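Here the protein sequences line up with chains A and B, keeping their order. When you line the first sequence up against the working numbering, it's residues 1 to 226, in that order. When you line the second sequence up against the working numbering, it's residues 1 to 244, in that order.
No wet-lab data here; the hints were simulated from the structure. These numbers were taken from a predicted model, which means no experiment stands behind them. Not one of these hints is a red herring.
Derived CB-CB ranges, DEER-like:
{"#": "1", "chain 1": "A", "residue 1": "54", "chain 2": "B", "residue 2": "36", "range": "36 to 44 Å"}
{"#": "2", "chain 1": "A", "residue 1": "214", "chain 2": "B", "residue 2": "63", "range": "45 to 53 Å"}
{"#": "3", "chain 1": "B", "residue 1": "69", "chain 2": "A", "residue 2": "137", "range": "23 to 31 Å"}
{"#": "4", "chain 1": "A", "residue 1": "108", "chain 2": "B", "residue 2": "110", "range": "34 to 42 Å"}
Virtual Cβ for every residue (Gly too), placed ideally from N, Cα, C.
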Amino acid sequence: MTDGRLWSLFIDSFWKILLPGLTMTIPLTVIAFSIALIIAVAVALVQFANVKILKQLARFYIWVFRGTPLLVQLFVVFYGLPNIGILIEPFPAAVLVFALNEGAYCAETIRAALEAVPVGQLEAGYCAGMTYLQIIRRIILPQAMRTAFPPLSNSLIAMVKDTSLAANITVTEMFMVTQRIVARTYEPLLLYIEVGLIYLLFSTVLTGLQRAGEKRLNTHTKKGGN
Amino acid sequence: MLEIHGIKKAFGSLQVLKGIDLHVNQGDVVAILGPSGSGKTTLLRCLNFLESSDAGTMVFDGETFQMNSISKRDIRAIRKKTAFVFQNYNLFLNKTAIQNVMEGLVIARKMPKEQARDIARKALDKVGLSDRYDYYPYQLSGGQQQRVAIARAMATEPEIIYFDEPTSALDPELTGEVLSVMRQLADEGMTMLVVTHEMSFACNVSSHVIFMEDGVIAEQNSAEAFFNAPKEERTKAFLANFNQ
Chain A
1 MTDGRLWSLF IDSFWKILLP GLTMTIPLTV IAFSIALIIA VAVALVQFAN
51 VKILKQLARF YIWVFRGTPL LVQLFVVFYG LPNIGILIEP FPAAVLVFAL
101 NEGAYCAETI RAALEAVPVG QLEAGYCAGM TYLQIIRRII LPQAMRTAFP
151 PLSNSLIAMV KDTSLAANIT VTEMFMVTQR IVARTYEPLL LYIEVGLIYL
201 LFSTVLTGLQ RAGEKRLNTH TKKGGN
Chain B
1 MLEIHGIKKA FGSLQVLKGI DLHVNQGDVV AILGPSGSGK TTLLRCLNFL
51 ESSDAGTMVF DGETFQMNSI SKRDIRAIRK KTAFVFQNYN LFLNKTAIQN
101 VMEGLVIARK MPKEQARDIA RKALDKVGLS DRYDYYPYQL SGGQQQRVAI
151 ARAMATEPEI IYFDEPTSAL DPELTGEVLS VMRQLADEGM TMLVVTHEMS
201 FACNVSSHVI FMEDGVIAEQ NSAEAFFNAP KEERTKAFLA NFNQ
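Sequences and hints are given; from them, build the entire structure.
Have a look at this one:
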């Protein structure tokens, strides 16, 4: 195969791979991560606030979803649940699994960040006459989210890459499209490097967004300056 | 205005408060002195329910409360009429100076924002921080942070302000600026209960002095009598340390 043909294959397939990246990988990541964050805040808060039964449920949930492989979770939901009559389309199934899996990890991140807020903040809130929930919402959580932001960005970047696993449950995201092109053209080295580069591109954008986000959030800490 | 009977508190097997009685009238400035570990700070924290008490009765504003079984609602009602100034300031780190002062007004007391802002400005002006409204705590010195904390305390017009070693984290110069704000508050008739190591404040500003040791009140008197004619041997020994 000539260099010229390789180059035009690279160019041709770039858009073919990028397109499902924009229509599948990114929506999957954004939707699943948003749900994961909601789960994570809730799961972290019930542990932080020591809510009796919910706290045990939270620990159980984290134990299960952190302790089993993501791929296995995808297979159980997509190929396993139909056995008991629960059929979920590939994309929603992927959203569900990624949200639950990521939620478990992010919950621990946020719990650690909540516990890192000095206890005096809570006491000062009490002395100002505020309720526990008011203090959590207005004082503790904003500070915790600032602390949690870099590790949460980590999780987000990891998740973008993990979405390639969704190819295994027939979600036509970037990796599956790449596999199909490889099957037609027999150029695995070029094409798998190419899809890798596109993932790298996505991660780079996210890293830039993380930096900008940190700058904004830093207004009330020493690093922000004024 | 505030009466305490038989307050007790133990941490595990360590009995920190062994039955404290206290009587504070409106306008009193009570300095609580005593060596480290005597229970001063624990007493103050029990009074605002930051620590639970094992026993004791509180009469506040004519109402009587059992301190070991008081409801959350009553605690919050009492806290809305009191304020607390911490040794390490405990300003809300994600809020500016003026937001720190407004928070308790707008959120806890449901005051309209504009009105709260006016009060907050006046409070900050009073503690000499009219040029620091929009500064975050990290941008302020320790003394400035503590003055914001005092502004936050007095903005809610509490019936009593508890001070827990308010100058212990400050160097002498910054201590001076905080003490002068406290003196001003005292002159205006604010009721204050001050745990402190500042003998000059206790001597010159407070109206009463309580000397604590080993979880009990060893001596309690008017400030003048306490410093000029201490009754107890232990008090004399304690004061001798400062007169050398």
